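Generate the whole structure from the sequences, applying the supplied hints.
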Amino acid sequence: MFNPRAAGPMEQFEILPIVPLKFGNYDISLTNSSLWMLIGTGAIILFFAFATRKSNLVPGRTQAMAETFYEFVSDLVRDTIGPEGRKFFPYVFTLFIWILIANLFGLLPSFPGIPHELHTFTPTSHLIVTLALAMVTITIVILYGFYKNGLGFFKLFAPSGVPLWLMPILVPVEVISFLSRPLSLAIRLFANMFAGHVILKLFAGFVVSLIGTGSAVMLFGIAPFLGAIAVTALEFLVAALQAYVFAVLTCIYLNDAVHASDH
Amino acid sequence: MEAEAAKLIGAGLASIPLAGAGVGLGLIFGNFLSGAFRNPSAAAANQPTMLLAFALTEFTGLLGFAIAMIILYTF
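If you read the protein sequences in the order shown, they are chains A and B. No gaps in the numbering here: position 250 of the first sequence is 250 in the numbering used here, and each next residue is one more. No gaps in the numbering here: position 22 of the second sequence is 285 in the numbering used here, and each next residue is one more.
Since the hints were derived computationally from the structure, they do not count as laboratory data. Just so it is clear, the structure is predicted and the values come from calculations on it, not from any experiment. Hints may be right or wrong, so weigh each one.
Said to hold, decoys possible - Pairwise CB distance ranges (calculated):
1. B:Ser-278 x A:Ser-180: 19 to 25 Å
2. A:Phe-111 x B:Val-286: 47 to 53 Å
3. B:Asn-309 x A:Phe-111: 27 to 33 Å
4. A:Leu-226 x B:Val-286: 25 to 31 Å
5. A:Ile-229 x B:Leu-296: 24 to 30 Å
6. A:Phe-69 x B:Ile-272: 44 to 50 Å
7. B:Val-286 x A:Leu-166: 27 to 33 Å
8. A:Gly-42 x B:Gly-285: 35 to 41 Å
9. A:Ser-177 x B:Met-264: 33 to 39 Å
10. B:Gly-285 x A:Ile-229: 19 to 25 Å
11. B:Ser-304 x A:Thr-94: 32 to 38 Å
12. A:Pro-83 x B:Gly-285: 38 to 44 Å
13. A:Leu-38 x B:Ser-278: 34 to 40 Å
Heads up, the beta-carbon is just placed ideally off N, CA and C, and yes, glycines get one too.
Spelled out as structure tokens, the structure:
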């Protein structure tokens with residue numbers, strides 16, 4: 001059956017409880033968002049457990065795929081932070097793979113006719129999820145920056161080689177730019193996912209309503225259908241690119257924390 | 264003016280950043296291509312930087328989109 005509640009472009013972002021749970025005054029229900037996070041995390045664990053179950057010197061196909069991911073992120077961390085960035089590799093790798101899988105699984109088609117709360121859902125299309133990820137990144141940057149450099153971390157806001165009279169203008173600018181980092185990280189990922197899915201469902205909605213007319217007008221549905229295919233292809237690019245961008249920016253911010261006193 | 268009309272006009276105005284994002288994306292890809300044609304051997308090494316710049320520029324347009332959606336659906 002066609003579910004009219006899932007017809008508009010915005011209904012896909014509704015968070016619906018699947019298993020209602022209460023903990024004191026808090027609602028800790030298993031929602032469609034948390035279900036798709038669990039599916040993504042489970043798929044990642046299964047894939048890497050399967051790919052590395054018996055590691056060979058000459059890798060098989062799944063092992064080669066896992067190693068490609070590993071080397072990609074490893075090179076990224078080494079190129080941006082340097083040898084000291086080694087200890088951040090697990091964090092950046094987890095972040096990259098999780099965002100990539102969360103983005104890509106949101107593009108899976110739903111089975112027709114299943115209840116609205118079981119439709120495919122993109123956890124990263126919600127600002128609260130991406131903001132939490134960005135907050136973790138910026139917390140690590142601040143804590144490690146003070147642990148490594150002590151009060152020298154504040155040199156981040158006062159670049160060397162700048163004349164003293166420029167400092168009153170430059171320092172507030174640098175502070176504001178630092179404080180806007182978690183917001184820009186979060187909004188970039190959220191807005192990309194959100195906008196892509198809205199456009200996808202808008203095109204799909206045009207196709208459905210044009211076919212619903214049942215007359216020769218149906219033929220006009222071909223153009224938005226091709227548009228939906230093109231947007232889906234673009235979304236695959238954006239999904240991978242945004243995971244990459246999030247990882248790169250995390251590395252750049254971590255680099256600031258590691259090398260704050262070199263500025 | 265009615266609040267509903269003001270809301271719709273505001274959402275329309277919030278999509279103006281798309282013009283800037285379009286100009287910016289054109290500049291990035293155009294300059295990358297002209298550089299890549301001059302020195303094709305250095306093009307592959309600079310592709311990640313180009314993609315990063317693409318994502319950073321696209322963000323301004325998407326911010327406008329997000330603001331338009333917030334105006335339309337939350338007030």
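Check the following: the C-beta atoms of Gly-42 (chain A) and Gly-285 (chain B) are separated by a distance inside 35 to 41 Å.
holds, 40 Å
Has the hinted range 38 to 44 Å been met by the Cβ atoms of Pro-83 (chain A) and Gly-285 (chain B)?
Once the Cβ atoms are compared, 41 Å apart, the range 38 to 44 Å for Gly-285 (chain B) and Pro-83 (chain A) holds.
Distance restraint hint 24 to 30 Å, applied to the beta-carbon atoms of Ile-229 (chain A) and Leu-296 (chain B):
Between Ile-229 (chain A) and Leu-296 (chain B), where Cβ atoms are some 26 Å apart, the hint holds.
Distance restraint hint 27 to 33 Å, applied to the beta-carbon atoms of Asn-309 (chain B) and Phe-111 (chain A):
violated, 43 Å
Note whether the CB distance of Phe-69 (chain A) and Ile-272 (chain B) lies within 44 to 50 Å or breaks it.
Holds, since Phe-69 (chain A) and Ile-272 (chain B) (Cβ atoms, about 47 Å apart) stay within the stated range.
Just tell me: holds or violated, for the beta carbon distance of Ser-304 (chain B) and Thr-94 (chain A) against 32 to 38 Å?
holds, 35 Å
Range agreement (Cβ of Val-286 (chain B) with Cβ of Leu-226 (chain A), hint 25 to 31 Å):
holds, 27 Å
Just tell me: holds or violated, for the beta carbon distance of Leu-38 (chain A) and Ser-278 (chain B) against 34 to 40 Å?
holds, 36 Å
Whether the CB-CB distance between Gly-285 (chain B) and Ile-229 (chain A) falls inside 19 to 25 Å
This hint holds: roughly 23 Å between Cβ atoms.
Given a hint of 19 to 25 Å, does the C-beta separation of Ser-278 (chain B) and Ser-180 (chain A) actually sit inside it?
holds, 22 Å
Taking the Cβ atom of Phe-111 (chain A) and the Cβ atom of Val-286 (chain B), is their distance within the range 47 to 53 Å?
violated, 42 Å
Does the Cβ distance between Ser-177 (chain A) and Met-264 (chain B) fall inside 33 to 39 Å?
holds, 37 Å
Hints 2, 3, counting from the list given before, are not met by this structure.
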